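Put the two chains together into one complex; each comes in its own frame, and the hints tell you how they fit.
Top line first, the protein sequences correspond to chains F and P.
Residue numbering for the first sequence is 1 to 113, as defined by this note's numbering.
Residue numbering for the second sequence is 1001 to 1113, as defined by this note's numbering.
In case anyone wonders, no lab produced these hints; they're calculated from the structure.
Treat the hints loosely; a few may be bogus.
[To be verified] Quick list of in silico lysine-lysine cross-link-like pairs, DSBU-like style, CA-CA up to 30 Å:
hint : chain 1 : residue 1 : chain 2 : residue 2
1    : F       : Lys13     : P       : Lys1100
2    : F       : Lys13     : F       : Lys26
3    : P       : Lys1100   : F       : Lys26
4    : P       : Lys1071   : P       : Lys1056
5    : F       : Lys13     : P       : Lys1042
6    : P       : Lys1071   : P       : Lys1100
7    : P       : Lys1042   : P       : Lys1056
8    : P       : Lys1100   : P       : Lys1042
9    : P       : Lys1042   : F       : Lys26
10   : P       : Lys1068   : P       : Lys1056
11   : P       : Lys1100   : P       : Lys1068
12   : P       : Lys1100   : P       : Lys1056
Bear in mind the structure is a predicted one, so any value in this text is a computation, not a measurement.
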Amino acid sequence: DAGVTQSPTHLIKTRGQQVTLRCSPKSGHDTVSWYQQALGQGPQFIFQYYEEEERQRGNFPDRFSGHQFPNYSSELNVNALLLGDSALYLCASSFQGRTGELFFGEGSRLTVL
Amino acid sequence: GESVGLHLPTLSVQEGDNSIINCAYSNSASDYFIWYKQESGKGPQFIIDIRSNMDKRQGQRVTVLLNKTVKHLSLQIAATQPGDSAVYFCAEDLIQGAQKLVFGQGTRLTINP
Chain F
1 DAGVTQSPTH
11 LIKTRGQQVT
21 LRCSPKSGHD
31 TVSWYQQALG
41 QGPQFIFQYY
51 EEEERQRGNF
61 PDRFSGHQFP
71 NYSSELNVNA
81 LLLGDSALYL
91 CASSFQGRTG
101 ELFFGEGSRL
111 TVL
Chain P
1001 GESVGLHLPT
1011 LSVQEGDNSI
1021 INCAYSNSAS
1031 DYFIWYKQES
1041 GKGPQFIIDI
1051 RSNMDKRQGQ
1061 RVTVLLNKTV
1071 KHLSLQIAAT
1081 QPGDSAVYFC
1091 AEDLIQGAQK
1101 LVFGQGTRLT
1111 INP
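So that you can see chain P by itself, here it is in the shape it has in the complex (with noise of 0.2 Å):
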């Protein structure tokens, strides 16, 4: 069935470097994919979305790339700040407009002084 999956549950940087996050996804048909970022105690918060007809989406600070060959997404964070420190998750829309997100597992990601 489909699934989003992430390749490291855990990843820590050093305050200032760019950090990437990577993710896998199996349904070649999707159409949309979202990051969003968790902090403790809180919901998910959007970050950056991207269309299956794009392969490269920039931020402020963050950029998402797709390679739909691979079936792979990225989040590249730049300048990693503290407050960067949070579960990453990608999601996919399986069908446009549906708003019905499959999500992945999720990457912690934590910031070194």
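Isolated chain F (complex conformation) (with noise of 0.2 Å):
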């Protein structure tokens, strides 16, 4: 049974650019959670998405946004790339209102130079 599965795993952007990052969940959740992690920070939640609407929202400005697809499957975009948008981004899913544990995904690593 395959896990949470994300890509890439690594890129590089420039400022000024667009990035899309996409999430397969593990297999039967409903929901998917993004979260922001920084070098040596904690990760930080973003948005969550069910049934192919944004659910709840962290505090990340509008340049970040989401698509979750009837499969359950999920994308992260990010416009107007700042060099402050460079960390790991994990993706999690879960079954939608059970806080249980969250299944991470192992991260796609964004370089914004």
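Here's what the structure looks like:
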């Protein structure tokens, strides 16, 4: 049973560009959350998707947007990249409303130059 | 605002000894707490969780203690092994079932042979 898979694993962009990161949840999970983890810090909640809608959002600007598809997979889009957007972007999947363990993927490492 | 913090950024212990990792939280209304382990290059991995109506929970070689009076959380690892070397995060779910986790900065645990 595949866990949470993310792509790409690493990517480099320049300031002002746009990036799309992808996530496939663990089989059977219907909820996907995205987190940003800066180097040496704990992950920070960006937003959560369920039933193809954004259900909750953290303190991130509108440059961060997402999407969830009917098969529960999800994308995270970041526009107008800033140097400070360099981080590990983690996807986590779960069952909606079950405050149990979240299953995290291994992340996409984004470097903005 | 809400925050989850850790007392020590690094902890070194001898192989076979017990480890205790501490965490302070600021929101007395928080209902649910989780400890995660993150190895280099990987996403956070669930270790153990505890609800606010409990003060202790045990797993395999791990115990979580919750002291709501002083808003303190700890993770005890018995008979630490080299494979326990990682960064450990405590996380707080501010709204039960929301899965909108607030992570602390993390503690790096190093096991000395």
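Against the structure, the hints:
At most 30 Å may separate the alpha-carbon atoms for a hinted pair to count; Lys13 (chain F) and Lys1100 (chain P) meet this at roughly 28 Å. For a cut-off of 30 Å, the pair hint linking Lys13 (chain F) to Lys26 (chain F) stands: about 28 Å separates their Cα positions. Of the supplied pair hints, the one linking Lys1100 (chain P) and Lys26 (chain F) holds, its CA atoms being roughly 18 Å apart against a limit of 30 Å. Distance restraint check for Lys1071 (chain P) and Lys1056 (chain P): the Cα-Cα separation of roughly 14 Å lies within the 30 Å cut-off, and the hinted pair is therefore satisfied.
The straight-line distance between the Cα atoms of Lys13 (chain F) and Lys1042 (chain P) is roughly 22 Å, inside the 30 Å bound, and the hint therefore holds. For the given pair, Lys1071 (chain P) sits about 19 Å from Lys1100 (chain P) by alpha-carbon distance, which is consistent with the 30 Å threshold. Among the hinted pairs, Lys1042 (chain P) with Lys1056 (chain P) is consistent with the structure: their alpha-carbon atoms are about 28 Å apart, no more than 30 Å. Among the hinted pairs, Lys1100 (chain P) with Lys1042 (chain P) is consistent with the structure: their alpha-carbon atoms are about 20 Å apart, no more than 30 Å.
Only pairs whose Cα atoms come within 30 Å are accepted, and Lys1042 (chain P) paired with Lys26 (chain F) is accepted, the gap being roughly 16 Å. For a cut-off of 30 Å, the pair hint linking Lys1068 (chain P) to Lys1056 (chain P) stands: about 11 Å separates their Cα positions. Proposed proximity of Lys1100 (chain P) and Lys1068 (chain P) is supported: the alpha carbons are some 20 Å apart, at most 30 Å. Simply put, Lys1100 (chain P) and Lys1056 (chain P) have alpha-carbon atoms about 23 Å apart, close enough for the 30 Å limit, and the pair holds.
Checked against the numbered hints above, the structure violates none of them.
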